[in-house]
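Colleague: Please model the entire structure based on the sequences and the hints provided.
Protein chains in written order, with the numbering used here: chain P, 1 to 373; chain G, 374 to 456.
Hints are not guaranteed to be accurate.
Only some residues are given here: those of chain P computed to face chain G with a beta carbon under 7 Å [what the hints assert, rightly or not]:
{"#": "1", "residue": "E63"}
{"#": "2", "residue": "S225"}
{"#": "3", "residue": "Q228"}
{"#": "4", "residue": "F233"}
{"#": "5", "residue": "C275"}
{"#": "6", "residue": "A278"}
Now the in silico label distances, taken between C-beta atoms and shown as ranges [what the hints assert, rightly or not]:
{"#": "7", "chain 1": "G", "residue 1": "R434", "chain 2": "P", "residue 2": "Q15", "range": "21 to 29 Å"}
{"#": "8", "chain 1": "P", "residue 1": "R272", "chain 2": "G", "residue 2": "N413", "range": "52 to 60 Å"}
{"#": "9", "chain 1": "G", "residue 1": "N413", "chain 2": "P", "residue 2": "E293", "range": "56 to 64 Å"}
{"#": "10", "chain 1": "G", "residue 1": "E395", "chain 2": "P", "residue 2": "K337", "range": "31 to 39 Å"}
Sample of chain P residues lacking proximity to chain G, with all beta carbon distances greater than 10 Å (derived) [stated by the list, open to error]:
{"#": "11", "residue": "Q26"}
{"#": "12", "residue": "G35"}
{"#": "13", "residue": "L46"}
{"#": "14", "residue": "P102"}
{"#": "15", "residue": "A105"}
{"#": "16", "residue": "F118"}
{"#": "17", "residue": "L159"}
{"#": "18", "residue": "A183"}
{"#": "19", "residue": "S184"}
{"#": "20", "residue": "S223"}
{"#": "21", "residue": "L226"}
{"#": "22", "residue": "G340"}
{"#": "23", "residue": "S372"}
Source of the hints: derived by calculation from the structure; they are not laboratory data.
Glycine included, C-beta positions come from ideal geometry on N, C-alpha and C.
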Amino acid sequence: MIYLDSAATTFQKPQAVRAAMLRAMQTMSSPGRGGYASARAAEELLFRARSLAAETFGAPSPEQVVFTTSATHGLNIAIKSLVPAGGRAVVSGWEHNAVTRPLRALEADIAVARSPLFDTEACVAAFRRALKRGADAAVCTTASNVFGYILPIGEIAALCRKAGVPLIVDASQTAGVLPLDMASLDAAFVAMPGHKGLYGPQGTGLLLCGAEAKPLIEGGTGSASLSQEMPEFLPDRLEAGTHNMPGIAGLEAGMRFVRAKTPERIARHEQRLVCRAANGLRRFGGVTVYAAEDMSAHLGVLSFTAEGREPEEVAEALASHGVAVRAGLHCAPCAHKSAGTLEQGTVRLSVSAFNTEADIDGFLRAMRGILSK
Amino acid sequence: MNHYLLTARTITHAQRMARALEHTGVSAKIRRIGSGVTKNGCGYTLQVPERQYQTAADALRTAGLRPVKAFHVVNGERREVDL
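Modeller: As structure tokens, then:
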């Protein structure tokens, strides 16, 4: 199989991730629940992983790193900590349902700072306008999961700071690929999945907390157990229940893999592959490629459509050629509305550190065959 | 053996304090403690040898890490001390 759906999950994982998960299952029990060796081993791993994440993403302390089950989980905590029922939120025009659905559940007044695809200046201007009326929070993705468009998060963070609006950053598509520093963004929260660019397993995620957080669930934490309220302090406040130790072990190994390879090298590799795919697709008649003119401003994610063919039909045909891509709306109708592709969606390919030029050439060969029929 | 106990809010807090002490050569052991010490259910503490207490207290202050409480344990008797 040629796997080109890494924006959903990086399916190919480093060997060290699998080994760490197995080791955790063999040697670690519940952290924070006992003084014996296997509990201690789990506690040590949690602390190592927290410290590594804090160092990697510029969180002021390991205590501000919370383990979640996904970016969606983290975004729900962040949004529900800052936006009251019926409150006001400013979001970019490129958000995922992981942002818009929790806001809708809160019946929030959602101001969408909509801007054309790959137009950074318009994006900043739209945020500036939307923030004028103030908001309980602004939520912004660092890059579109559909189009690979990298948003000007530094400039948006500066606008939020100036407007006194707390910023929630959704780093789902860029964690492990682009540099991210929570402290310099002065973000209230940063949410990211463990299973995409950090190469951990599914069921893992990180939430970096720079503001007061409300628990989404309550339960045992192994601390202050006489109290019937959740602890006031992080990370325990947000981590009720037993941790996913094999998952976190895999995530820690994944973060080490990324740090060793460096996000810069991974990003360059992915941009090269996407550029190759975009150039190849443009040679076919009747294919619309949604790519930035300057491909260095593009993540390893590329959307396209083929005239007269439903995206799902193209994805199904690719699957029959052994190529895995994703079609449709990608859980991001907001982004498709901004790009004008809401009616039928797009076909999306997305790459990881494990893809090669041969994978892209294989995809293009399959596309040539499909389009010739 | 006589020692000091420095209580922590969470295991993570205890681990941060232990790491800070490691860097100054203080060998602090993380131990679980119960309501008898915390008055609030399960918790964690650092056990510091009596002779290294002052070094430990200075190191934690420098690192900006404050224990919740400190106890001096002499012949098995525990007495809270000012931080």
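Colleague: Kindly indicate which numbered hints from before are broken by the structure, ordering the numbers from low to high.
Modeller: Of the numbered hints given earlier, those the structure breaks are 3, 5, 6, 7, 10, 12, 13, 20 and 21, listed in rising order.
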